[in-house]
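Please construct the entire structure, taking both the sequences and the accompanying hints into account.
Quick note, the sequences are listed as chains W and S, same order.
The numbering used here numbers the first residue of the first sequence as 910 and each following residue consecutively.
The numbering used here numbers the first residue of the second sequence as 910 and each following residue consecutively.
The reader is advised that the hints may include incorrect statements.
One copy or two, it doesn't matter: identical chains are merged, so the pair holds either way.
Unchecked claim - Taking lysine to aspartate or glutamate and the DMTMM-like style, the derived pairs with C-alpha atoms no more than 25 Å apart in a straight line are:
hint, residue 1, residue 2
1, K927, D1011
2, K990, D1004
3, K1030, E998
4, K990, E960
5, K927, D1019
6, K1037, E968
Hints were generated in silico from the structure; no laboratory data involved.
Protein chains: 2
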Amino acid sequence: MRITNQREIILEELRRLKSHPTADELYEVVKKRLPRISIATVYRNLERLSEAGMIHKLEYGGRQKRFDGDVTPHCHVVCVKCGRVSDVETVPEVDAEHLVVDSRGYKIFDGVIQFEGLCPKCQLLEEKKIN
Amino acid sequence: MRITNQREIILEELRRLKSHPTADELYEVVKKRLPRISIATVYRNLERLSEAGMIHKLEYGGRQKRFDGDVTPHCHVVCVKCGRVSDVETVPEVDAEHLVVDSRGYKIFDGVIQFEGLCPKCQLLEEKKIN
DNA sequence: ATCCTTTTTGATATTTGTTATCATTAAATA
DNA sequence: TATTTAATGATAACAAATATCAAAAAGGAT
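Next up, the structure:
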């Protein structure tokens, strides 16, 4: 894969952000360094980089996909209210394959544990509603 | 929640199917019993039923959401090629909360283990390509 | 049963996130 | 330097899901 300026900056900014941004959120950030970049270039490169395994595409609930520049194995929590995604520190991980008793003929590659919860901000909002 | 004929049949058919259908797949099935039903009614009721916890909305990769009429706790495999979703039988499950060391201030409700694999059909197609 | 209120429905328009198209530009290779 | 190949920006097209709204259905209250 060719290393273009756009591709490099997209990757750089995604790695810098710890917020698991959506394509348009990342576009806004990248635009500050490359004001003439197109949103299509951001989508295209996120796709290519994720195919190459250099970033991760997160397809948890909500409308939009999110992206993660950190490809070291780790789990995420997704806020059921606002869709925010954060990293979660887990106990040394259990192997996916050993959890499965019957895979229904599927050839299993990987297992991801995804947690669902309420983020700090939404917890506060929830409390205010009650009071 | 009012029990309308449409709502009842949507729920009935979703429970009967074991394929984790998308909204439009379920629409096609329901239409056989209610030929005048609108796709909007299917979307609407799937949303309402899932809010009520009577069904599960599955938001794994792919474009479309899928739905599951079986709300007893179980895990899924998603085929990375075709997006098909199947149930997976796992060893007695590890509690989500005990896996987490640091939840980053999130209040965690649930943990979903999502497996990624290749379904039997796509395995066959893969083999044919090689030969 | 009849009136009134609330909810749901069907049809369809709108929105939204993403992907496709295509002429132009940039980079790599001969 | 010429030629091939890939990437870009602008924008059209697409598909899934949601919103709108008048009409119909359901559930009381009287």
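Inset, instruction - List in ascending order the numbers of the hints, as given earlier, that are violated by the structure. - result: 6
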